[in-house]
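**Q** Listed below are the residues making up each chain.
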Amino acid sequence: MSLLELNGVKVHFPIRKGVFVDRTVGYVYAVDGVSLSVEAGQTYGLVGESGCGKTTLGRAVLRLNDITEGEVVFDGTDLASLPDEEMRRYRRRLQMVFQDPLGSLNPRQNIESILSEGMAAHGIGADQDERRERIKEILAKVGLPSGSLSRYPHEFSGGQRQRIGIARALVLEPDVIICDEPVSALDVSIQAQVINLLEDVQESMGLTYVVIAHDLAVVRHISDVIGVMYLGSLVEEAPSDLLYAEPRHPYTRALMSAVPVPDPEVEDSRERILLSGDLPSPASPPSGCRFHTRCPWRQDTLCATDRPELRDVGGGHRVACHYAAEIADGRIRRADESVPATPPGPPSGADAQPAAAEDAGDASEAADEGPAERRPEPATSE
Amino acid sequence: MPLLSVDELSITFTARGRRDVSAVSGVSFDVDQGQVVGLVGESGCGKSVTSLALMGLLPKRGVRLGGRADFDGTELLSLSRDKMRDMRGRQLAMIFQDPLSSLNPVVPIGVQVTEILKRHRGMKGEAARKEAASLLDRVGIPDPTRRLKEYPHQLSGGMRQRALIAMAVACAPRLLIADEPTTALDVTIQAQILELLKELVDQEGTGLLMITHDLGVVAGLCDQVNVLYAGRVVESAERRPLFAAPTHPYSHGLLGSIPRLDAPRGERLSPIRGSINDRIAWSDGCAFAPRCDFYTMECLTGTPQLTEPHAAGHRVRCVNPVLPDAAGAAADRTEAGA
Numbered sequence: 001m002s003l004l005e006l007n008g009v010k011v012h013f014p015i016r017k018g019v020f021v022d023r024t025v026g027y028v029y030a031v032d033g034v035s036l037s038v039e040a041g042q043t044y045g046l047v048g049e050s051g052c053g054k055t056t057l058g059r060a061v062l063r064l065n066d067i068t069e070g071e072v073v074f075d076g077t078d079l080a081s082l083p084d085e086e087m088r089r090y091r092r093r094l095q096m097v098f099q100d101p102l103g104s105l106n107p108r109q110n111i112e113s114i115l116s117e118g119m120a121a122h123g124i125g126a127d128q129d130e131r132r133e134r135i136k137e138i139l140a141k142v143g144l145p146s147g148s149l150s151r152y153p154h155e156f157s158g159g160q161r162q163r164i165g166i167a168r169a170l171v172l173e174p175d176v177i178i179c180d181e182p183v184s185a186l187d188v189s190i191q192a193q194v195i196n197l198l199e200d201v202q203e204s205m206g207l208t209y210v211v212i213a214h215d216l217a218v219v220r221h222i223s224d225v226i227g228v229m230y231l232g233s234l235v236e237e238a239p240s241d242l243l244y245a246e247p248r249h250p251y252t253r254a255l256m257s258a259v260p261v262p263d264p265e266v267e268d269s270r271e272r273i274l275l276s277g278d279l280p281s282p283a284s285p286p287s288g289c290r291f292h293t294r295c296p297w298r299q300d301t302l303c304a305t306d307r308p309e310l311r312d313v314g315g316g317h318r319v320a321c322h323y324a325a326e327i328a329d330g331r332i333r334r335a336d337e338s339v340p341a342t343p344p345g346p347p348s349g350a351d352a353q354p355a356a357a358e359d360a361g362d363a364s365e366a367a368d369e370g371p372a373e374r375r376p377e378p379a380t381s382e
Numbered sequence: 001m002p003l004l005s006v007d008e009l010s011i012t013f014t015a016r017g018r019r020d021v022s023a024v025s026g027v028s029f030d031v032d033q034g035q036v037v038g039l040v041g042e043s044g045c046g047k048s049v050t051s052l053a054l055m056g057l058l059p060k061r062g063v064r065l066g067g068r069a070d071f072d073g074t075e076l077l078s079l080s081r082d083k084m085r086d087m088r089g090r091q092l093a094m095i096f097q098d099p100l101s102s103l104n105p106v107v108p109i110g111v112q113v114t115e116i117l118k119r120h121r122g123m124k125g126e127a128a129r130k131e132a133a134s135l136l137d138r139v140g141i142p143d144p145t146r147r148l149k150e151y152p153h154q155l156s157g158g159m160r161q162r163a164l165i166a167m168a169v170a171c172a173p174r175l176l177i178a179d180e181p182t183t184a185l186d187v188t189i190q191a192q193i194l195e196l197l198k199e200l201v202d203q204e205g206t207g208l209l210m211i212t213h214d215l216g217v218v219a220g221l222c223d224q225v226n227v228l229y230a231g232r233v234v235e236s237a238e239r240r241p242l243f244a245a246p247t248h249p250y251s252h253g254l255l256g257s258i259p260r261l262d263a264p265r266g267e268r269l270s271p272i273r274g275s276i277n278d279r280i281a282w283s284d285g286c287a288f289a290p291r292c293d294f295y296t297m298e299c300l301t302g303t304p305q306l307t308e309p310h311a312a313g314h315r316v317r318c319v320n321p322v323l324p325d326a327a328g329a330a331a332d333r334t335e336a337g338a
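Residue numbers (the UniProt record's numbering), protein chains in the order written: chain A, 1 to 382; chain B, 1 to 338.
No lab work stands behind these hints: they were computed from the structure. Note that the structure is a prediction, hence the values are computed from the model and not measured.
Short derived list, chain A residues pointing at chain B, Cβ under 10 Å:
1) I190
2) H214
3) I222
4) S240
5) Y251
6) D263
7) R272
Glycine included, C-beta positions come from ideal geometry on N, C-alpha and C.
Here chain A stands alone, though its shape is the one from the complex (with noise of 0.2 Å):
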């Protein structure tokens, strides 16, 4: 069994308006039925734009945000029906890394009393002293000098301060990190390093991670398996080289090659999915499929009218496109295409990555990948 699983889950944030009564006008459906299960020792990642809702989903798994329906099964407990107390205690097995590493520590505190906080509050340590000794060991861990506990966030630098927040999490010896955006408000150099010290703590101590970003490259980096997320649902999930090798959902499709490859060869050569338009408001989703006002392969049916589940297409690869498969095998084209279909992932220039055997297989499309596994399924809705 998964370590974490969501079933349907849906975080929806009221609108109200009104001086003295308040009058619910609405609900902006932040996050508008979830499933995805998370294996121990994995890393899922979450990708989307700003506004997708992946941000309110993490929050949601630890509940910060109250779950408006659905399951978040952690171990075998349901954690959305837990009492606040019981939920509490649960927190220590789950933790969260959050994105601006200056905002999320107490100016005020520091940093031994930050990373004590936690344990005292789980009764982590008999006194202050085993407190300390712990927290120094982590501080090796993280790449943090021990003479840090005396100093106060300000003094160190947004690296650092990141290192810090991890720190947070790990003294509390979690099973589970959320990682929302653990790099984003960091310098390209910096990130790295921070990427590299979650992938080596994970390893030493078995963790399991869900790290939400909007940087499809950093994701793909770090995670096992990869869930888009497009309004406040997830279009398509699938382990990370399938994922890349192989998108399914037009969106997923225009977000691969929208993201800049620091490489001119592959600037130059690949080809580009420009979307229109911007996000719709989740407050007022599209009807049916919620991509379809700005899908390139939007079809007169079903698209407008019905809103397409999450379908296996084999490999652990799970789709919400009523027509991924005709898109797939080329039988649908694109609104704007003039040319024959070409690769949808950046087509890499000479270089052996796996990107050239996805080539291989995109380029000769009909011949070379077996029709059988790719069967025209007609699109039923649910």
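Since chain A is already given, all that's left is putting chain B on it; use the hints.
**A** Only chain B this time, still in chain A's reference frame:
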């Protein structure tokens, strides 16, 4: 002759009773018409302050400028406030990073766009409004006449950035300075905006000075790239040679520390150690030496000069550059592709 020629630009912040702080020193680069030149670096490297100096937006007090910036025969740095104001708009324009804070929140978009047309093109009333609508239309804002009446908060982030670009190109400037124009935007919106900037450069022959920290954006857009570290250009080359053979250890390290979408999972990143705070003054040696994997005692003997260690036009400020053949042994994936 280049459109803009910056020669040995230096910017020093001074305050009474405090040590002078040198933000930028000895920065030189050219921008031609229809060319995209990138200034790349991490926070604190002096890239934004360079653009502010060129636009005459730095305060006169407490700032000491040195060097020259020739824009088609006019020296920008010594220009008076009024003369500079005439240059802005028609000759030079700038797009800022944060579209919300660079628009006036209590004035409708239309008024903000027509203001520029009135000031610099002498247009009036209906004609200015029509022109404003066609500008918004050109940068891809749907339903421009309605949008003109709206306030900045009613527009989405991408739309605001488009409005800002519309304002910048309103008077068909010959040089556009874009300071992190897409950093605040989502990648799909970023792709739209970059496409728009590319069109402007290709169709109008505008020179574009692109200031960014994102090497991916640089790889797709810039013709000529200058990498800045601690206020100095450490490497300057055309786009392809730079990415194929990053020669300064800093550029080399930057490329090694970016997770790439097309790299296999599990490949370990090789970060640059330390942080920007670990540096020595350029006068004592190479500011990057404390973080450098290749440093020797030679690095601590005076400021290294820009040289061309392996190819003409590929200038590097380093005494121990990472030469392509030597780096190949380190199994660098960037070079593997070249």
